[in-house]
Amino acid sequence: MINMMRAELYRLTKSKSFYVFWIGSVLTFLISVIYQSPGGISFGAPLDYSDDIKLDIVQTAMNFTFYFFLIIPVFCIISSEFSEHTIKNTITSAVSKKKYFTAKYVFTLVYSLLSFLTVNILFYIVNRIVNGENYSSPIGEYAKALFGQFPLFIAIVSVFIFLAFLFRKGAAFNAVTIITPIVYTTVSLVLFGIGETKKAAEKLLSYEISTMISRLAIGCTDSYRAKCYIGCAAVTVLSFVLGYVLFTKRELE
Amino acid sequence: MREIVLQTKQLTKRYRDFTALDHADMTVYRGDIYGLIGRNGAGKTTMMKLVTGLTEQTEGEYSLFGKTGSAAEKEKRRIGCLIENPAFFGSMTAYQNLRYYCFQKGITDLKQIDEALELVQLTEVKDKKYRSFSLGMKQRLGIAFAVLDNPDLIILDEPVNGLDPIGISKLRDIFRKLSQERGITLVISSHILSELYAVANRFLFIDKGRVLKEVTKQELDLECSRCIVLKTDDTKKAATILESKLNITDYKVIDSGEIRIYDESAKPEQLNKVLVLNDVSISGIGESGVSLEDYFKQLVGEVQS
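Protein sequence lines correspond, in order, to chains Y and F.
845 is the number that the numbering used here gives the last residue of the first sequence; the numbers go up by one with no jumps.
504 is the number that the numbering used here gives the last residue of the second sequence; the numbers go up by one with no jumps.
Bound-form chain Y, shown alone (with noise of 0.2 Å):
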């Protein structure tokens, strides 16, 4: 297994998407930092924070950006052997399929993370340095935010994972992972609109990934964190556990 992730960082470092994600990301940061203000994608209500939350706490608010980012390296580590066909010589030579999933799997989620840990630590440090301690946040404040959102962000990679295996082909897997957040919101606003569903549609939004992404950051209530990552465990599992039997049992093409 150990190999197969070698192998995985081998190609990795040797493809475009690679550079696309680390420019891209990187580039997202130091705009921020230059215009020392934060910067990103948010599909949910408008931030709303206090005064004396410094900029690179407000910034980790705004990590919804990554759930984009993170598509990249799952589409070239899993979807591209689908489109390539490549696969085939890996499984008839080097592993099982049940090998095949678990190093993809582990090897997509434990560098997506790094990688999501990695530019955020690079912001805090930059932020630290260029802006000063007016906008930046002491670190152990700044590891609570970060890291509160890090729940949320294993079961996103874990859920693009299952749709990477389920859907094979790049383009199906791309156009649901980025229309998914859109097609939420839009239903969830949709129903806040008709009078009698808005309940259900307040509690929908409330937990859309933005919104989520942002609260846990920021800060929210007791309860609220409990749910999210308890939420947040169920899927990882599940979507782990689905995308290694579906990956097992169906014939491979």
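Simulated from the structure, these hints should not be mistaken for laboratory data.
Mixed in with the good hints, there may be bad ones.
Listed next, the in silico EDC-like pairs over lysine to aspartate or glutamate satisfying Cα-Cα at most 20 Å (straight line) [what the hints assert, rightly or not]:
1) F:407 with F:221
2) F:327 with Y:676
3) Y:841 with F:216
4) Y:691 with F:274
5) F:472 with F:457
6) F:416 with F:492
7) F:435 with F:462
8) F:444 with F:433
9) Y:689 with F:274
10) Y:841 with F:272
11) Y:841 with F:258
12) Y:691 with F:255
13) Y:689 with F:260
14) Y:690 with F:272
15) Y:689 with F:283
16) Y:606 with F:326
17) Y:689 with F:255
18) F:325 with F:314
19) Y:690 with F:274
20) Y:841 with F:255
21) Y:691 with F:272
22) F:337 with Y:676
23) Y:690 with F:255
24) F:328 with Y:676
Take the given structure of chain Y and dock chain F to it, following the hints.
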């Protein structure tokens, strides 16, 4: 006794109502160049997919190097494969693609990449991206991948597909080199019998998922070569007369009622006369012999009828 490298017993694969492979038996010995012959959709690729673990059998079993079940799974490391078309990462060079698989297989001696590329004559284009390769180059890179780990068994599915005559000839040389110089056992599938005939020493004919016949090259030569078929109820006496009276030694007793004579100087009328004069009753005599293609057609025809 020769070591069995790969053996299938009653191997069957069904996809809902369609049976892709129907109780197929196959035995490949160490050192064989084993040709798997059949029309498109005959079940050759299914057979190869089953023994390489790309798909699972519905019934039956197979053994790799004498091991079955999960133990056979571990022996997969001793196999090199090229199933269907060669597939590599288009944005990576030939060398990078093989380097990736070296990592995957735990190969630390990178000289093996150069050796594999040299064997298939791709050294000069090793830094060219795979997507810019011609079909022949792609096939050869597929073979380089298959030999990368110095396997004991190489399974190649339709490796000559779409190649020009020069490309086919180059591949043939590579197969011979692998077998003679490296002692590798090869299983090669094709729908072109003449191509396989040029390299293989044993053959398995397959059609509509069913194994029709497993023959050695010598047996195939005997089946296909021009001969006189002599039908008699006393093959022993007939054989003695052939040798003593006609000086014919190039013949084969097929069964208790048939002798095949391969001696080109033998004439049916003369044979008939001499045998009858020596009290051997002849129930039939005639010339036989078919081309490889006709032989294959006959085999397939047998199934159809």
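Hint check:
no., hint, verdict
1, F:407 with F:221, "8 Å, holds"
2, F:327 with Y:676, "17 Å, holds"
3, Y:841 with F:216, "18 Å, holds"
4, Y:691 with F:274, "15 Å, holds"
5, F:472 with F:457, "17 Å, holds"
6, F:416 with F:492, "15 Å, holds"
7, F:435 with F:462, "18 Å, holds"
8, F:444 with F:433, "16 Å, holds"
9, Y:689 with F:274, "15 Å, holds"
10, Y:841 with F:272, "17 Å, holds"
11, Y:841 with F:258, "16 Å, holds"
12, Y:691 with F:255, "16 Å, holds"
13, Y:689 with F:260, "18 Å, holds"
14, Y:690 with F:272, "12 Å, holds"
15, Y:689 with F:283, "19 Å, holds"
16, Y:606 with F:326, "13 Å, holds"
17, Y:689 with F:255, "11 Å, holds"
18, F:325 with F:314, "12 Å, holds"
19, Y:690 with F:274, "16 Å, holds"
20, Y:841 with F:255, "9 Å, holds"
21, Y:691 with F:272, "12 Å, holds"
22, F:337 with Y:676, "13 Å, holds"
23, Y:690 with F:255, "13 Å, holds"
24, F:328 with Y:676, "14 Å, holds"
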